[in-house]
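There are 2 protein chains.
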Amino acid sequence: MAYKIVIWPDNLTTTVNDNENLLDAIVTAGISIKSSCGGAGTCSQCKVLIKKGTASFSGAGKLTEQQLSEGYALACQTYPQSNMEIEIPATSRLSEHQVLVSQDKAWDGTVTEINPLFKKIKLELQIPTLNDHSDDVSRLFNALSAKEKTDPLRIGLEVIQKLPYTLRKGNWRITVSLSYIKDYTEIVDIEPGWDYRQYYGLAIDIGTTTVVAHLVDMETGESLGIEGTYNKQAIFGDDVISRIIYAVEHESGLQELQKTIQTTINELINALIKDKDIKPADIWYVSCAGNTTMTHLFLGIDPTYIRLEPYVPAFNSIIPIKAVDLGLKTNPKARIYCLPSIASYVGGDIIAGAEVVRIHKQDKLTLFIDVGTNGEMVLGNKEWLVACACSAGPAFEGGGITHGMRAMNGAIEHIRVKPGNLDVTWETVGNKKPVGICGSGLIDCLATLMEAGIIDRSGNFLPLLLSNRFFSIDREKYFILAHAEVSGTGKDITISEADVKNLIRSKAAIFAAIQTMLKMVGLSLENIEQVYIAGGFGRYINIADAIKIGMFPDLPMEKYKYIGNSSILGAKMILLDSETRDDTEKLADKITYLELSDGNNFMEEFVSALFIPHTNMQLFPSVNYVSHSE
Amino acid sequence: MAYKIVIWPDNLTTTVNDNENLLDAIVTAGISIKSSCGGAGTCSQCKVLIKKGTASFSGAGKLTEQQLSEGYALACQTYPQSNMEIEIPATSRLSEHQVLVSQDKAWDGTVTEINPLFKKIKLELQIPTLNDHSDDVSRLFNALSAKEKTDPLRIGLEVIQKLPYTLRKGNWRITVSLSYIKDYTEIVDIEPGWDYRQYYGLAIDIGTTTVVAHLVDMETGESLGIEGTYNKQAIFGDDVISRIIYAVEHESGLQELQKTIQTTINELINALIKDKDIKPADIWYVSCAGNTTMTHLFLGIDPTYIRLEPYVPAFNSIIPIKAVDLGLKTNPKARIYCLPSIASYVGGDIIAGAEVVRIHKQDKLTLFIDVGTNGEMVLGNKEWLVACACSAGPAFEGGGITHGMRAMNGAIEHIRVKPGNLDVTWETVGNKKPVGICGSGLIDCLATLMEAGIIDRSGNFLPLLLSNRFFSIDREKYFILAHAEVSGTGKDITISEADVKNLIRSKAAIFAAIQTMLKMVGLSLENIEQVYIAGGFGRYINIADAIKIGMFPDLPMEKYKYIGNSSILGAKMILLDSETRDDTEKLADKITYLELSDGNNFMEEFVSALFIPHTNMQLFPSVNYVSHSE
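Quick mapping for you: the protein sequence lines, in order, are chains A and B.
Residue numbers for the first sequence follow this note's numbering, so the first one is 800 and each next one is one higher.
Residue numbers for the second sequence follow this note's numbering, so the first one is 800 and each next one is one higher.
Because the hints were derived from the structure by calculation, they are not lab data.
These numbers were taken from a predicted model, which means no experiment stands behind them.
Among the clues, some could well be false.
Which copy is meant is left open, because identical chains are indistinguishable; a pair holds if it fits in one copy or across any two.
[What the hints assert, rightly or not] Keeping only pairs whose Cα atoms sit at most 20 Å apart, straight-line, the calculated PhoX-like set for lysine-lysine is:
1. Lys1121 with Lys1132
2. Lys961 with Lys1058
3. Lys1181 with Lys1217
4. Lys1121 with Lys1181
5. Lys851 with Lys1360
6. Lys918 with Lys1132
One chain only, chain A, in its complex shape (with noise of 0.2 Å):
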């Protein structure tokens, strides 16, 4: 039995049969509905509005009073039993918005000089003799030879196909469109003469949450364009783990996961392209840089193994696909290049930030930290290179916080509470009227309350002086960052003790990574010579509020460097630069991996960590907070 299901105010009609449930409608709709549990019922965040119709529904339960009696349900719970009219509301929507993508005050990685993973070359051919009768395959490989120094020469079977006739035509002078692949060069495509099209490529960070694009122009290297939107997989859960349960517990899970993120790539696409005079065939090469699971999703290969111990990849690395076989609006003879990964939590876009930042080319110890839903992190030099990754969870990326958010317009970015007075000052991304707050914030928060006396060194709300800015429900104690009257939601901006206690996890996992990570290689904080941080805070972030809450290592500012996302600008560099690409390749050879669950201290490192900035306060020297408590 199949029932029609007419979605409001999209005025969309999608059907559903038996066992498919409306948040199936949903997703077949194409409608983007926040959904991080992936669909199991726990985190009731799909709520829809029921106008008509009746079905079966679980997770009342979920829903207050006020809500059931104004008819809204779970989606992913409710299975329809007639055709249905229903309602999305905007608060249950992922709404299209402006990732923040500029790189201000971040390094910008430059590559020097250009040798794209892609050219088109313009030849003028010898014309054949009785003396000099070779094929016109050896004909253009001499020539192209004697002026492009590539790796051994391939053309397929279609280019040769047209080159009889391609190279009379051009009267023997012939554009010659050439990829880089791996170990080898291809002639993808031959035109007649030298006017030729522009070319472009692509270079994408496919984030867990979030997806950015650059459009580059393979000439000159200049990025003509910069899209970024949220990864359309977010309806099937938040988080990697829950993609991988769906990947692999749902018939053409892994198929639905690979076409979501097809699609959110292909409308950024559309975006670069649009109002420009630039077709989807001129894009000719794809470098993108994701995590292990990402890309596995990406590529449609089963990510099971990701997920269970002893959490081992399918693949690392691969040699370019072609786009053809991926289903991305680009030339269809377009390569695309995956960053390799290294292990199943260190994946493409750490290896594309190791890279910026040349970490196996530096004479100093050098510590590199991507933070975004997990922290991972490179450790070493030109000699020796060493990488973890740990479970920091979302907290700096605004996930599980009260009102957290990514670094977008209206996000407190930065923010002091004035001890005594308790006043509180900020700044917000775009000077809009706060509507919540992002990683950086988040650090300095977590740093000014401590300074400020509201919170203890394990996170507890202390005793106060009575403040409108203090409320609690349920024994959950907040602090108000911004009132309802001055913010952009009308709503009071709010942190919790539990958000407090969650902010302290995230900072004690990555601050216990760095820790047990040089002690597996006998060495200690002060051997660091230089920190590279990498991630999604914001359009900077705070490093000194960061070194306060012990999130960092107390180290001299100016060994810090902050170099936003850098998983973007590694991808960029290597679509620009055949060498460095194979750069890239030897890099991810040369580190190793440690597993941080594999009979190590890290969780007795981690529990160490759980105060601010640590239990053992002699690791934090520089650090000296008043305690206004007492």
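Put chain B on the given structure of chain A with help from the hints.
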């Protein structure tokens, strides 16, 4: 306007549009009909009987009055103007027949060690642990490299996609399908466990006239079956030139020719696997040897410039193509390797032969000659190699000779005329009644006619005593080889003066090419230390007679070796040994092509060779004809 055409006795119905003739209808219906001129209206071979309907036709002048009165017409010159019924007489059909493919008395080119281009390997992988958590692909590569010497390994997306499941399903035992491509080895498939299906390869000789294929067990190297058939492309013309013209001058001509050779090969595959427990999907590699034009047509590559000065092929060497791109009835993942050509008229069939005789490993100065429609030869040793081609014409394949035929049942393959009473004795293929005469018989015939005093050194019939073996029609003289009473056709089997002159031109071209090539490298006949003869003459060739008629140099018999169809032998050797394959590519690179039309004395040599054995008798010291007419 479209008309229905019913074809008898096949009882097939097809339709033609305006501008289409009966030949088009017959081709569309899939019937093989003789048409040497490719539909030009000149060869008069495509005679059909009009039974019903009206048509406009020309070409009446090509038919006898009786044929016209009986209702015959040339299919290629007949354009239907109503629905029609026609009959194709047996004489107009290219009958399926057994092309002689056995290698009796020929060197068998045995490969002593099997290292085939495709193999299946049983592997057992270490089970991953927390201390050994490398990705599935690396684990597979490491296990494979430890067991098998491979070029750099590649693995495609499709195989990676099934890898995680397959490894665990087989409990870390797996069978890997490995294809040697070029400079790298690709894992093209994987199966769980060690119980794999047997695997096979095909070696194919794609001749202009006939196509021969071996089905090869890739584990033992044994040929499980040999099949041969006419190249169905014959309906588009007898020789490579008329096929190139067809490909170039007809819309979709190239596609038609490509499809026709695919069909020819697929029918051979059907015949080879019939009654065996072998499926097309069990064929994993194909090795093809063909002349340059045949290889272009097989791959759908424009052959236009092979025919036009300066005779430039589109390509000589090409990496193995995927079967799925060529419509072959094999495993779609099978690879098709085409042996390299070196010039427009020295193709992969010749390179196959040169590899069979290992000419580039020889200390002795070696001459390799392949006599087919063209005469092609390679001269040299391990130090240097040259090759050339001459238009010998198809006389020694039976083409253009009154009762010429290929070496099949009933072909006279050995013949003697007794001087004096002119009694004729013969041997035929299969000991059948004679129906014609094949290449080896024609060489004998020329020699014996000379010895019996029937022809002079220029090929003129001498005035002789009246004999019932002579007759003449329209000033053309005929000698009866077999009277109607003893022949298999019920008609006299004859040779005409024109046939003799034709044969002399063919043998002269071959000898002149040898002489020209020798002179170009500053050598002469006596420098030749060994000669390998290949071709479709028959089961054997009478070298003594070939010398007597001045076709091959007057060298001691022990310097000669007849190796039969060396094209298919070479294709099979390569299929079974990847090193031989690589060696063949190097061999082709080493050969310098000499263009006989290009400012040398070929024409002079040709004219001097238009005598039996030669104008210059000093070149043939062992040959001494007694003149019976003196």
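Comparing the hints with the structure gives:
1. With identical chains, the CA atoms of Lys1121 and Lys1132 are at most 20 Å apart both within one copy (6 Å) and between copies (17 Å).
2. Taking identical chains as interchangeable, the C-alpha atoms of Lys961 and Lys1058 lie at most 20 Å apart only when they sit on different chains, with a minimum of 18 Å there against 33 Å within one chain.
3. In the homo-oligomer, the alpha carbons of Lys1181 and Lys1217 never lie at most 20 Å apart, since the shortest distance is 45 Å inside one protomer and 91 Å across protomers.
4. In the homo-oligomer, the alpha carbons of Lys1121 and Lys1181 never lie at most 20 Å apart, since the shortest distance is 34 Å inside one protomer and 43 Å across protomers.
5. In the homo-oligomer, the alpha carbons of Lys851 and Lys1360 never lie at most 20 Å apart, since the shortest distance is 56 Å inside one protomer and 92 Å across protomers.
6. Only within a single protomer do Lys918 and Lys1132 lie at most 20 Å apart by alpha-carbon distance; the minimum there is 13 Å, versus 30 Å between protomers.
In this structure, the hints that do not hold are numbers 3, 4, 5, in rising order.
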